[in-house]
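Trainee: First to last, the sequence lines map onto chains A and B. FYI, the numbering for the first sequence is 1 to 161, going by this note's numbering. FYI, the numbering for the second sequence is 162 to 322, going by this note's numbering.
For the record, the hints were derived by calculation from the structure and aren't laboratory data. Computed from a prediction, not measured in an experiment: that's the story for all the values here. Backbone N, C-alpha and C define an ideal beta-carbon position, used for all residues, glycine too. Treat the hints with care, as some may be off.
[Stated by the list, open to error] Beyond 12 Å from chain B on every Cβ pair, some chain A residues (computed): (1) T19; (2) M30; (3) N32; (4) G37; (5) P61; (6) P75; (7) I82; (8) L105; (9) R154; (10) A160.
[Unchecked claim] From the structure, some residues in chain B lie toward chain A, with a derived Cβ separation under 7 Å: (11) E187; (12) V190; (13) N193; (14) A202; (15) A204; (16) A212; (17) D219; (18) P222; (19) S246; (20) I299; (21) G303; (22) G305; (23) W312.
2 protein chains.
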Amino acid sequence: MTTITAKPLTPQAFAPFGTVIARRPEPDVMINQGLCGRHHALALADISDGATGISLFDAEPRSLPYRLDMVERHPLGSQAFIPMSETGFLVIVAPDDEGRPGAPLAFLTRPGEGIQIARNTWHGVLTPLAPPGLFAVIDRIGDGPNLEEHWFDRPYTVTAK
Amino acid sequence: MTTITAKPLTPQAFAPFGTVIARRPEPDVMINQGLCGRHHALALADISDGATGISLFDAEPRSLPYRLDMVERHPLGSQAFIPMSETGFLVIVAPDDEGRPGAPLAFLTRPGEGIQIARNTWHGVLTPLAPPGLFAVIDRIGDGPNLEEHWFDRPYTVTAK
Chain A
1 MTTITAKPLT PQAFAPFGTV IARRPEPDVM INQGLCGRHH ALALADISDG ATGISLFDAE
61 PRSLPYRLDM VERHPLGSQA FIPMSETGFL VIVAPDDEGR PGAPLAFLTR PGEGIQIARN
121 TWHGVLTPLA PPGLFAVIDR IGDGPNLEEH WFDRPYTVTA K
Chain B
162 MTTITAKPLT PQAFAPFGTV IARRPEPDVM INQGLCGRHH ALALADISDG ATGISLFDAE
222 PRSLPYRLDM VERHPLGSQA FIPMSETGFL VIVAPDDEGR PGAPLAFLTR PGEGIQIARN
282 TWHGVLTPLA PPGLFAVIDR IGDGPNLEEH WFDRPYTVTA K
C-alpha cells in the first residue's frame, strides 16, 4: 500500500486545494473597544446556487496510520470545516487528473485552524484525530447532484512523522 | 443599574433573535460510511448582497457580572458565531422598539453550541467567558453601512444564577 506522510498545513501548500482559516500574524482590525481582533474574510463561500448554510458534523475520531479508501468532491460549492474544539485534524486532498483524483496529499492542522475546501476539489472525508470530533460546516444547502465519490483500486496509508 | 440575569440558551427563547446552532437529538443523516452524523442546515446565511465570508474573532474573555454599555446591529446580514473551543459564552440580544433597542435579554450557551444573530437584530458584542475566546464568524463581506450602534444612557449589569 502506498504511504502518504501528512505534513503541517500551510496556506501556500494548501492553496491549490482551498484556504486555511487561521489567524493572521496581526488582526486586520480591532473591534469592540479594542477587546476583539477581527481576522477578516479569511475565506469566502463559493456557492453556485441555493443557500449557504451552517451544519454541524459529529465525526468519530480516527487514528494514524489511516487507511484512505476514497475521496469525494462537491461540484456546486465550497465546503468549510471549523473545529469546535482546540484540536488539530487530518486533511486529505488530491489534484484532479482528467476527472479522476491524482496522487493524494495529507496535511495536519494545528488547534485554532479551520479549512475551506475549494469547489469541485477532491478531498477525504472529515477525519478528526481526537475527540470530540465536532465541526461546524459551511457549505451549499440545496437540491441537485453535489457529491461525486471516487473509490481507489488500491487504498493509501496516511501516516505522520 | 438594572440587572439582567442570563438564562440557559434554548432555541425557543432565542427564536425572535436568531438561531441556535446545536446538534439535534439525532443527526439528520449519517454520512462517511456511518462515521459522521450530519446535523443539516441548522442556520442559513441571510446576506443582502456582497459575499458570505468566514472570519476569525479573537476576543478577550469577560467575567460576570458584566457591564452592558451598548448593543449593535447589522442591517445587511446575519452574523453567526462558532466557538473554536469547548466553552460556553454569553449572548445578549434586544428586541427593537421603534428603531431603538428595548429591554435586553441574556443567554448562556453550552459547550458545542454556536448561534446565528438574525439580520438587523440588536445584540451585544462577542463575550466569551473563558479562554481562548476564538470564534469563527460567518457574516457579510462587502462595502456599505452594515453597523449601527446604540449606547445606553444607563448601562445594565448582566449576571447569572
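Trainee: Interface hint check: A202 (chain B), Cβ to nearest Cβ on chain A, cutoff 7 Å. Holds or violated?
Mentor: Check passed: Cβ of A202 (chain B) comes within 4 Å of chain A, closer than 7 Å.
Trainee: Closest CB-CB distance from T19 (chain A) to chain B, is it above 12 Å?
Mentor: Non-interface label on T19 (chain A) violated, nearest chain B Cβ at 9 Å vs cutoff 12 Å.
Trainee: Let's test the interface hint: is any C-beta of chain A closer than 7 Å to that of E187 (chain B)?
Mentor: This interface hint is violated because 10 Å lies over the 7 Å limit.
Trainee: Let me know if the C-beta of S246 (chain B) comes in closer than 7 Å to any C-beta of chain A, holds or violated.
Mentor: Where the cut-off is 7 Å and the nearest Cβ of chain A is about 5 Å from S246 (chain B), the hint holds.
Trainee: Does the nearest C-beta of chain A fall within a distance shorter than 7 Å of the C-beta of G305 (chain B)?
Mentor: violated (15 Å)
Trainee: N32 (chain A): least C-beta distance to chain B exceeds 12 Å?
Mentor: violated (4 Å)
Trainee: Does M30 (chain A) sit more than 12 Å from chain B, CB to CB?
Mentor: violated (10 Å)
Trainee: Compute the least Cβ-Cβ separation between L105 (chain A) and chain B, then decide whether it is above 12 Å.
Mentor: holds (19 Å)
Trainee: Over 12 Å to the closest beta carbon of chain B is the bar; see if A160 (chain A) clears it.
Mentor: holds (20 Å)
Trainee: Non-interface claim for R154 (chain A): all C-beta distances to chain B beyond 12 Å?
Mentor: holds (18 Å)
Trainee: In terms of Cβ atoms, is chain B entirely out of 12 Å range of P61 (chain A)?
Mentor: violated (9 Å)
Trainee: With a cut-off of 7 Å, does the beta carbon of G303 (chain B) approach a beta carbon of chain A closely enough for the hint to hold?
Mentor: violated (10 Å)
The structure is inconsistent with the numbered hints 1, 2, 3, 4, 5, 7, 11, 12, 18, 21, 22 and 23, although it conforms to all the rest.
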